[in-house]
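A.B. asks: Single-letter residue listing:
Number of protein chains: 2
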Amino acid sequence: MKSTIDNTEYNLTEQYKVNHKESYAAWLQYKKIDDAALVKEYQKWASNIESLADSIVIQSAQNELNTALSLMLDIQPKISSDIKPVNSIVLASMKELNLLDKLDVDFDQINEDGYMIKTVTSDENSTIYLLGKRDAGVLYAAFHLLRLMQNREKLDHLNIVESPKNQLRMINQWDNMDGSIERGYAGKSIFYKDDVFSEELNRIQDYARLLSSVGINAISINNVNVHQVETNLITSSLLPKVTEVASIFRAYGIKTFLSINYASTIQLGDLDTADPLDPEVKEWWKNKAKEIYRFIPDFGGFLVKADSEHRPGPFTYNRNHADGANMLAEALEPFGGLVIWRCFVYNCLQDWRDRSTDRARAAYDHFKPLDGQFHENVILQIKNGPMDFQVREAVSPLFGAMPQTNQMMEFQVTQEYTGQQRHLCYLVPQWKEILDFDTYANGEGSPVKQVVDGSMFPYRYSGIAAVSNIGNDYNWTGHTLAQANLYGFGRLTWNPDLEAETITNEWIGQTFGQDELVNEQISQMLLKSWEIYEHYTSPLGVGWMVNPHYHYGPNVDGYEYSVWGTYHFADCHGIGVDRTVQTGTGYTAQYFKENTEMYESLDTCPDELLLFFHHVPYTHKLKSGVTVIQHIYNTHFEGVQEAEELKERWTTLKDRINSERYEDILNRLEEQVSHSKEWRDIINTYFYRKSGIADEQNRKIY
Amino acid sequence: MKSTIDNTEYNLTEQYKVNHKESYAAWLQYKKIDDAALVKEYQKWASNIESLADSIVIQSAQNELNTALSLMLDIQPKISSDIKPVNSIVLASMKELNLLDKLDVDFDQINEDGYMIKTVTSDENSTIYLLGKRDAGVLYAAFHLLRLMQNREKLDHLNIVESPKNQLRMINQWDNMDGSIERGYAGKSIFYKDDVFSEELNRIQDYARLLSSVGINAISINNVNVHQVETNLITSSLLPKVTEVASIFRAYGIKTFLSINYASTIQLGDLDTADPLDPEVKEWWKNKAKEIYRFIPDFGGFLVKADSEHRPGPFTYNRNHADGANMLAEALEPFGGLVIWRCFVYNCLQDWRDRSTDRARAAYDHFKPLDGQFHENVILQIKNGPMDFQVREAVSPLFGAMPQTNQMMEFQVTQEYTGQQRHLCYLVPQWKEILDFDTYANGEGSPVKQVVDGSMFPYRYSGIAAVSNIGNDYNWTGHTLAQANLYGFGRLTWNPDLEAETITNEWIGQTFGQDELVNEQISQMLLKSWEIYEHYTSPLGVGWMVNPHYHYGPNVDGYEYSVWGTYHFADCHGIGVDRTVQTGTGYTAQYFKENTEMYESLDTCPDELLLFFHHVPYTHKLKSGVTVIQHIYNTHFEGVQEAEELKERWTTLKDRINSERYEDILNRLEEQVSHSKEWRDIINTYFYRKSGIADEQNRKIY
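Residue numbers (our numbering), protein chains in the order written: chain A, 5 to 706; chain B, 5 to 706.
In short, the hints are calculated from the structure, not lab data.
Mixed in with the good hints there might be a few duds.
Copies of one chain are not kept apart here, so a pair can be met inside one copy or by any two copies together.
[Claimed, not checked] Distance condition first, Cα-Cα at most 20 angstroms in a straight line; then the derived DMTMM-like pairs of lysine to aspartate or glutamate:
#1 K597 to E18
#2 K286 to E682
#3 K681 to D355
#4 K681 to D358
#5 K704 to D358
Bound conformation, chain A alone (with noise of 0.2 angstroms):
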């Protein structure tokens, strides 16, 4: 029986190439070019591709070059190794600098992933040298390269420099071996497949080169909820095909990472205990290190989830996070690994009746006093909320608050509880406002980016993770506009520096081409998607108002009387949670001294946060000049019609985007508009019968 499925099943990849090419592709279209002036301008230098360096990132670098100019411009480039380029496109890391005549570059000026991109001119000659200082480099300005072309842009004078501001920027996949994905929502894994690895290594590679094009080096493979079957990655039986995997990752500068399971030892049947200060548990380790190297020299290390959620970790034996990390990171030290150890640690067996534990407080006050005491090759993954990827929260008070502790941030693109691929919600404005955030962790002007690209602590290492969105869907993210996500993390972790409008367009430009109008109205839609999402969700910063376990759809009190320690406090009179130092939970207290300040104070607390920081009545007014009910009503109307105004523009482009896009988007859209009725109405419903207060507009409430 299985085979057969198999058989059928196997070749999905090719079937989506062919079948799906547009929405397969996603932003690697490159399409054929109709303006012919500039075809033949690009083509004086497309026509040879001339790698000087030899390795198997150049070598993908090299094919994706000619893959993507024999579709744009209809040419078959010549590739050579020639050190005498004439009008051609050079490809050369620093150690072939040598090689380069007369080239004038500097590079000191890029860091260790950087690149530079120039063309030099002469009379008779016209090159472009993609210049990294390492290959993987070279492949990242290929795909810069790639990016202008696709966006029309002009090659003649191009002089870029650039280096990642970020270490680490990483891709976490919550893939099962079973198949499933922990919050995927876009079809099953393309790595997994009824436990064991998939034979579809072209859909694995595929996806390596999106990761690549948009700067991704590291990425871990294996969800952090680490079960049964997943426990065995480390052992002979399955390392194996995970060293395939990596090979196809290495092959686009990317390293391969496991997330682990804490109790390893026990689990594989060798001890009968995981405590991080016993000699054989430390021997254990040391052994798995050497031989996960063996099979994979360059393994990036473990991400580990240990003692959170039912996961188990060193608290068993009274050890702490530091205990833990660091064993691991000796064992991983000698051969440069790293361990990633999430700081998503909080009670999930909460009595919803007890007030003063405060879920948000658990990260900082678990980590915070640990500081110091980390191995240089540990570094800590944040969520950056406190809480878990609300569509709006509070930032993690632990960011900066650990100068001597490697930090790293996590996000989430996947999208969890801001409508599961089925909404349209771009997330990159949200993650460009918390990576702005001012920490006040070294004064004012101390945002969470300078934190997570080590440039304010001496971190040794550090960067930006983030749970992916794709699987095995034609078009990878279900919702073919969460590609834009995905693309967005991958580019702002690169530079965090970017506005979130040039990502946008960075990207329609890309996938939908280069028409005006398209590229207007994608852009509307996707930069208010999160604002939208949120006006007619869970307001002013409240969360949770969702379906427990699935997080999709509208349900006030889901989480009310849960164990999860996630509670709004609603009653007839008003709602809030209560998390000042004068009167509640005292979490404002984690953050520096100016932020503690500005939550603490009703005058100073941000609307959008209000609810997350302060219980208030709802006839209390926002700096909005709302009262905070009336406040839930318009928004939930608005939100409303803002989706259907989502829907109306995307109708404008009907004739504009090829068919298959168009209809899957619309189809999303329409849901989106309809399950946004659901939730105006039963969040409106639930706070009108709560607080007994009308709506002053008079509209619709049940």
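Given the coordinates of chain A, work out where chain B should sit on it, guided by the hints.
C.D. replies: Frame of chain A, contents of chain B only:
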């Protein structure tokens, strides 16, 4: 892998019989009798079992007597087919009457399944006659005799005449072939595992013994939601296995039924329609019936869930339920088979905003207009209430409303909404209340029980069915005291006039022996338990305040904004569903006039159903004198106290119950106490937060 698992589990039943003897034996304990005088007296008859009849059913009676008497009296009865009984137990059906010398009995006193037990004593001889009109009656008589002996009754002047009031006394298994049980709370199926039939036939036989001992004479062996695999139960691939199971039940006087997929003609690949008026469909089912009866000559018939909760049915073809049922009835008629057609039909995609549609109306609205249109081998199976087995709801107005259509009752022994066999909830008092409910269908004194026993209208077929509560747990029912629900269901179905106390005492005596304190305490526990569960759960008949899908645990708004037609409409002023004619959905008009009037008026509507019929302010005064809100608080505080008392009562029996059962039940009661507090606090908090009205007694609300 699978075979290993199967091997280790294969002899579960035998292991249970040894390791969990008392738990497994349920009410067929047959404990050795300590009272030497009584043993001596019983031995007078028990040494000889004489069967004048010879059939598999009589064989079962003989076997049961033989086993039971051996265990209780420590003797080895001599079994013979003597026609001159001396100091013996004699088994005979009406057809062997001629063999019985001078026995003065009148078989006209009993019906088809009836029996007589008569002790005839002369100078040198004393004989107990177990006489049935048919063999099944003899078997019931044997179980009756053993019940008397388990309860230490005198046997020397027996003159018992018993006839079941209900013709069909049926159990519905909601078992799926993958081994799961829909709404099962006592392990997995005893019938199926991993999509095949179980090999543990002895377990099924023991189940047959339990059912037969309380007079059950019919069973449907698969879930009414018939999924893909189970659709094949009526095909030659699975009918041999069905036949095997049917043979086991046949030996205990129980007919086997199957739930069928209404779209079998399509699903099994033969036709492209399931239109009941299509000649090919009719022919298909006729041939299918023939095929089934070739395998199982006494096959009971089909149980059908059609056009309900996404199951296929005649609506697809613009046919009505009568069309749908009659087509099947025609196919089964030549073989004496029945179509049991469920009336659980309603719109399960309702818009919660629509307050005019009322799910409670659905069954009546669908079926009442079809009265008289069903073939006479069709029976409509109607759930006790118009919603779905809530802790408290009104009685279905359909009972008595269709004088020309066979009707039967559907109860639920499995505790879906009544604590899932983790809470103690003895349902006999609830069932009695329902059966005694006066429909006024034929004027005053027209109780439901006289509808379903067929005495009110000239029904050809009628009776009572219930969804079973058993699974492969070693004690059958998860909560050991939940065995009483299965026992009570059978006994009450046999005779709805039995007092709850009588049934309860019978059960306790057989299950736990003759200890007076044990009897007193358990009896008190059982008889109060439904009320206690009601106290701390959903108040005043409003229902549905449970976690969606699971139906366990409090969730006041769990179904409030759903598609299921299950709302309470609580706001800051009041709560309840207005089902009156005057101002509401008009549901009350579905009852006969006297009941319509009773429910329509706030003055006469019983408190316990107030919120089922009316939307009232929290300050509304109940007949009890307290307000609705105060009633909610009071009952929820009381309920927890009462749950604690249940546990305390149980602990007084510590040394009087064998330790396994004692501990098992204690564990459940402890969970109940703890979970009842969750109910209390969530319900009270919800209503306090919503109403803003404080508890008069100032008890702790969160």
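A.B. asks: Hint by hint, say whether it matches the structure.
C.D. replies: Structure-based check of all given hints:
1. Proximity of K597 to E18 under the C-alpha cut-off of 20 angstroms is found in neither arrangement, the shortest distances being 56 angstroms within a copy and 70 angstroms between copies.
2. For a Cα distance limit of 20 angstroms, the shortest separation of K286 from E682 qualifies neither inside one copy, at 53 angstroms, nor across copies, at 44 angstroms.
3. Only between protomers do K681 and D355 lie at most 20 angstroms apart by alpha-carbon distance; the minimum there is 12 angstroms, versus 33 angstroms within a single protomer.
4. With identical chains, the CA atoms of K681 and D358 are at most 20 angstroms apart between copies only, with a shortest distance of 14 angstroms across copies and 34 angstroms within one.
5. Proximity of K704 and D358 under a CA criterion of 20 angstroms is satisfied inter-copy only: 13 angstroms between copies versus 36 angstroms inside one chain copy.
Violated hints for the displayed structure, listed by number in ascending order: 1 and 2.
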